Amino acid sequence: PRGANVRVLAVVLLIVVGGAVGLRHASELQRVCRFNNGFGRGDTESLSLGCSGENCVISLGQSCNLGLFLLWHILHFIVTFWYFALRIANALESCLISSGLLKKYKALCSGKIQCLAIVMDSKDADQTSKVIELLQWLGALGVKYVCLYDTEGVLKKSKEAITGSGRFSHAKSSEEAAKTDPLLDQEIITVEFASFSDGKAAVVKAANLLFVKYYLGGEQEEPILSESHVAEALEAIGCGGPDPDLLLVYGPGRCHLGFPAWRIRYTEIV
Amino acid sequence: MGEDRFFGSSLTILRRFLFRILAVGPIPNHIAFIMDGNRRYAKKQNLEQGAGHKAGFPALMSMLKYCYELGVKFITVYAFSIDNFKRRPEEVQYVMDLMQEKIEGLLKEESIVNQYGVRVYFVGNLKLLNEPVRVAAEKAMLATANNTNTVLLICMAYTSSDEIVHSIQNSCQEKWDQMQASKVNGACNGDICKQEKERCAIKLVDLEKHMYMGVAPDPDILIRSSGEMRLSNFLLWQSANCLLYSPSALWPEIGLRHLVWAVLNFQRNHSYLEKKKKQL
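Going line by line, the protein sequences match chains F and Y.
Mapped onto the numbering used here, the consecutive letters of the first sequence carry residue numbers 950 to 1219.
Mapped onto the numbering used here, the consecutive letters of the second sequence carry residue numbers 52 to 331.
Treat the hints with care, as some may be off.
Claimed, not checked - Per the computed footprint, the stretches of chain Y lying under chain F, defined by three or more beta-carbons under 8 Å from a beta-carbon of chain F, are:
| hint | region |
| --- | --- |
| 1 | 68 to 76 |
| 2 | 138 to 144 |
| 3 | 190 to 197 |
| 4 | 202 to 214 |
| 5 | 283 to 289 |
| 6 | 308 to 321 |
Stated by the list, open to error - Computed cross-link-like contacts, DSSO-like style, restricted to lysine-lysine with a CA-CA straight-line distance of at most 30 Å:
| hint | chain 1 | residue 1 | chain 2 | residue 2 |
| --- | --- | --- | --- | --- |
| 7 | F | K1079 | F | K1106 |
| 8 | Y | K326 | F | K1154 |
| 9 | F | K1106 | Y | K326 |
Quick caveat, the hints were computed from the structure, so don't treat them as lab data.
These figures come from a predicted structure and were not determined experimentally.
Ideal Cβ positions, reconstructed from N, Cα and C, are used throughout, including at glycine.
Next up, chain F with everything else stripped away, as it sits in the complex (with noise of 0.2 Å):
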């Protein structure tokens, strides 16, 4: 009986997860498929509307055409599968993490970090609070200069919200951060704020820039730009901020969505 039970048990837990793997794949795919080539909802609905209509023949290409589409929806349930696994697994992990039992993340050696910066979608920007908790987990990491980046520039909407709320300081340019009062150094994080427009379009700007300052500058032989030139341009334009060291990405893709270019040469995405 007792065998009986676990197996049954086991049994029920299968169908738990199954179903809610299943559930968060067809939702996950349910956008994706609006975009597929050459298998679109119009082919499914000739193929029912056949059935019902004169010649109830399913010619081999539509069938064909099922049997791929079957598969292909197989392929991404495994793919889902192993990310639901994965995320059970990491869950896991930040449980033991925590709690303080595993020894090799005790010592985080976090001074190596001089610029951290965090890249995230737009939408989760909104909730302001759990952004000041990350940004407290990261002061209680020991980093110093945290850069925060998101596409439509929600989080430089927030700047009071977020710099108000705890030992933060905003970096309004690079030379006001070298200003800090070295005492309180320790305990202020400086944040800094990014949005889509310091990215390529500060680069732009840059150029205006450049283009006014060496070529309508009156000399007559034609300039040489180099990589200082640009640097040196991006800085007056108030754009050019330490380059990170760890680039932090929070969203569903690996993706850094437009951080400013210029400085993300040579960063650790993760």
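With the hints as your guide, set chain Y onto chain F.
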């Protein structure tokens, strides 16, 4: 021998079938590769210095073959960075000789270029390369200029920061020439009035037009072998909405399974990335 061929052709059939299944979902239009890990592979296999790069070449050819079979139209590979010139001179010379040999090999009849109708571009500051390599590259570009099926962009002497500087330089030069030309025509007065100044301003489209990578759309997936998570100054401008994937396999060890996993992840995130692209 016969058995090997049977095995080989059944693998090909299975692979083509797998690609047909994948093709039910969206297929990336442009995939970029950073071919990292050749030197570590040579050390691991106890090969001589430089042999890792040679071992990486068949891996490149098979990845190109798989991508073109899958239906990917643009492929970019990071062959040589401007930073790599700082390595030991013997190694740099070895890589240059290898590249020259392989570029000349591309133009032969049975190469992948003719099999898939590939148009080859060499992207980067080609003036920094030595004479024979540059000549071979220009010859290859000319010879494949009429191919229209697929495109291969080989980044040599390329870094993203150099590309941005070069693009700014060219845009400035173009604006300057435009201004000089309109001065000649009498459209601009001695004092440049505000409207003319706006027209003469450099815009984003000008910069993107002058980028080395302006001949191809932005990449959909960027694969860096050997598990490193950095972009190392590659396609920083173009990878804003591009999925980054870093398999831990070294470049000579990369295989079909990595490509399939990358494409499956691309399909999972496709709607999210499309939405991001539309926002800009």
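Checked hints:
1. 68 to 76: n = 6 at 8 Å, threshold three: holds.
2. 138 to 144: violated (count 0)
3. 190 to 197: n = 0 at 8 Å, threshold three: violated.
4. 202 to 214: Answer holds; 4 residues pass the 8 Å Cβ test.
5. 283 to 289: holds (count 4)
6. 308 to 321: Since three or more residues must qualify, the claim that chain F covers the region 308 to 321 of chain Y holds, with 6 doing so at under 8 Å.
7. F:K1079 / F:K1106: Between K1079 (chain F) and K1106 (chain F) the Cα gap is close to 15 Å, so the pair holds against 30 Å.
8. Y:K326 / F:K1154: holds, 26 Å
9. F:K1106 / Y:K326: holds, 22 Å
Consistency note: the structure conflicts with the earlier hints numbered 2, 3.
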